[in-house]
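J.: The task is to assemble the complex, starting from two chains supplied on their own in separate frames and drawing on the hints.
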Amino acid sequence: MAVSINKNGQKIWAVRDRNAQLTRWFVYFVTVAVIMYCWQTISEATTWFFVLDAPRIAGDIGGRAMPPKWSYINELWKPLWDTINIATIGTVLSLIIAVPVAFMAARNTTPHQKLCRAPALLIIVSSRSINSLIWALLLVAIIGPGIFAGTIAIALRSIGFCAKLLYEAIEEIDEKQVEAITATGASRWQVMAYAIVPQIMPSFAGISVFRWDINIRESTVLGLVGAGGIGLQMQSSLNVLAWPQVSLILLVIFAAVILSEMVSAKVRAAII
Amino acid sequence: MNASMTASRKWRKPPMIKNPLMRWGLISGCLIYLVLAFGSFDVNWARVYEGLDRGWQFILAFSKPDFLSRKSDIIDGMAESAIMTITSTACGILISIPIGLGAARNIAPLPVYLVCRGVIAISRALHEIIVAILLVAIFGFGPFAGFVTLSFATIGFLAKLLAEDIEDTDRSQAEAIKATGASWWQWVTYGIQPQVMPRLIGLSMYRLDINFRESAILGLVGAGGIGATLNTAFDRYEFDTAAAIIIMIIVIVMFLEYLSGVIRARLQ
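Taken in order, these protein sequences are the chains called A and B.
Our numbering numbers the first residue of the first sequence as 1 and each following residue consecutively.
Our numbering numbers the first residue of the second sequence as 1001 and each following residue consecutively.
Keep in mind that the hints are not guaranteed to be accurate.
What the hints assert, rightly or not - Covered stretches of chain A (in silico footprint by chain B; criterion: 3 or more residues with CB under 8 Å from a CB of chain B, positions within the stretch not fixed):
hint, region
1, 120-132
2, 139-146
3, 220-231
4, 249-258
It is worth saying that the hints were derived from the structure and are not from the lab.
Quantities reported herein were computed from a predicted structural model and do not represent experimental measurements.
Beta carbons are placed, not taken as given, at the ideal position from N, Cα and C, and that holds for glycine.
Next up, chain B with everything else stripped away, as it sits in the complex (with noise of 0.2 Å):
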């Protein structure tokens, strides 16, 4: 190979998506996207200037959290979302087993497939939030519904994953137990649960994390929760307690997320 061979077939990075016409078609789209998009922000640079201040002063209330002055809200705030937190876990998940069931294919048939598909999909649609406005209009102000909200929105997320993984498991260890002339329920118990078991614990302890993370935004409409508290906090510029609630719902979420790894790491 000679020298002007080398210099003229120069090596490039082969670009990610092969075709260039889609490639360039969909640079440009995301370009003239964004220009539209930042063209209908309006700004009101005044304002967040004025509100810069008030920012440094949250920041700085992080270095001196007040967990004393409102202490006792804090505590019954705390208690009442980590109470909401296991319940609706709990109920959750009891509801999400038949539903991920009924919403794998390889187990169940079309209609109840279709039915418990629907469920999910309502339920992952609704953010927490709406759910939670229309049940506290429907149950009334306190920790019910937020109970309810939580464990709703616990099916779609459970139930969904626990059908996948259904739908994934060893067909020919299932295929063994139903060799033995087992009846459905025996088939299911020792074909099929035992291939889920650990990864459905590991998603219940996850969900469980998430709850919390949930439940303490659930005050904001009215559904029972730390969130309440955060909010009249926020409301009196009381930004020292607000930081101490906010640094302590951080510390829960961290000490659940090591408690799962420890239980997953168990398991597997």
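Okay, chain A solo, but in the shape it has when bound (with noise of 0.2 Å):
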């Protein structure tokens, strides 16, 4: 807040003061100034006749995909389950290894500042910025096509997301409880099971759904690189062009993640 005091002797009221206003007047247009030269570039690399022509090409697609060739879905149902399956197994694996972890990287709870809490979060941070499809791609060229890579691709895609919001609830934990059990004369381990292990429960459950509802959308397009699931459909008939089978599958998928996506809300809002 500031107040200035015009040529009148009139008092003034603003937001901010003047300082303050012109570092903001400068951080915008340095923001302004960036964003305009990055459009540039991309405007450079893009042939505008195709993107001008775009509405026309996307009604020609819609034309072509519209009545979506409904007896396809026979062959569907295996990769569904398949993409399902990849999506809970995943998630079952991660959570197996993010538990460790996590109780490594809450400050309250791991063994060593330096030599755990540190590999953890390292763990943890490249987990989370490679995304699954790149996972993916890895895993089909080390351990050959199908179901196996695409499950474990997702399993370390989501162990550092698990762990990081499972660290964080530990670290949010009531520390009176822990004093109280401790009190009583337990040792590490029953300190663990009685006081950290029920607080964390809640969010742990919560994590795990909202991870599995993530994963459904994930698996759904690791078949695009060869890692089993619907996507291996999809890639098929978009490789032959078959526009009424990709909208078949789109409106599968579509249907997946919605429900996938109410199962999950509405666990969160039985435990929480």
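T.: Below you can see the structure in the form of structure tokens.
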């Protein structure tokens, strides 16, 4: 808040004083300049003729895709089942690794600040920064195409996410309960089992369901790089330009994602 | 209390799900599902065993990442990813704000609310790669398709969280502004905006980080960015170049996370 006085001696109220306002304008100016520069670079790399022609092409593709080929659905049940399995088993595997990592990364439970906490944080950030599709690409090159590669890819990507949310939950626990259990003469593991675990159990369940829901969405595209699931069908349909099949697959994916999101929201509402 | 009574009343940890029928039902349902799921899992262990050697080579590649032999490709790819990230985040924020306002039940009328929520649902349900495939088919190869994809994905994320934040705002502040006779615009700028601004900035920084990570995969389907370089490196089994790219992505994401942490700490 700042009050300035104008020539006539009247007080004028403003939200910020002059220096703060000038700094603000400068930051805005730099931001806009950077964005405009970036936009110009994209614009140069774009064939604007194609972009201007886009509505016609979109209409054309839409027209070809429009009555979805309903009979194709019989070939989609198995890939859909695979997709759900990739997401679920991937989530379970990731949780098995994420729990110890989270306990090592949380300030109040880590055995050693430097030797355990730093590597755990490194695992979390590297797992989080690499998209599951890149993990899948890598695993397909290493262990061959198939559901297995997809499951491991999902698991590797989820470790960071689950461990990060879980260790934040561990750091927010009520220390009084820990103290009370410690005062009874409980060992380190008993404190863990009776003071810490019951407190983080609801957030653990919430996090796993939340990640499962995200993983369903991610596993629908893993097939594009050969890692199994419904994406495989989509890739082959796209390769032969079978647009009615593509539109059906998109509808199935849409339904699966919405359903999983509803399930996850229901479960989380029941827990919290 | 005598000894026999304490012995018979042993304390047990209360279970998390109170209803025993539901508890055992859930447990057995999960077990049956896991058996079924693992049953339909056919892993070619011979192939996995063969691949372990290659996997080990890839892990070794991280000890000697090769930044130099594909230097120009890596620089071009990274620059394109960064440019796509910045423009699409900016564009996404600009579009998310009106949609977020429209999707907040306490300030928008019902028809507007439903339309905005619909846009958000579609954007959230479709994975970026699927959107990118369709947009590459429509706009042609290049960063423009990636830019539109990321902007679209930003809307689903940012508008949803912004709308939820607006719905959680303190009513009395907004009412106080309204009581001064403010117009709708003044009401939103002075009553609502100051309450949601810190969180909006925090979320935008977070989305910048996500968009960068996503831009790394859009190249797989031809929508520009570092993904194309990474894909080529994998296809040619140039693991040391791939390791270099992955290390760069991790470092940039860590830096962005640190930056957003600093900015969020200063705002609060």
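J.: Indicate, hint by hint, whether the structure satisfies it.
T.: A quick look at each hint next to the structure:
no., hint, in the structure
1, 120-132, "holds (count 6)"
2, 139-146, "holds (count 5)"
3, 220-231, "holds (count 4)"
4, 249-258, "holds (count 5)"
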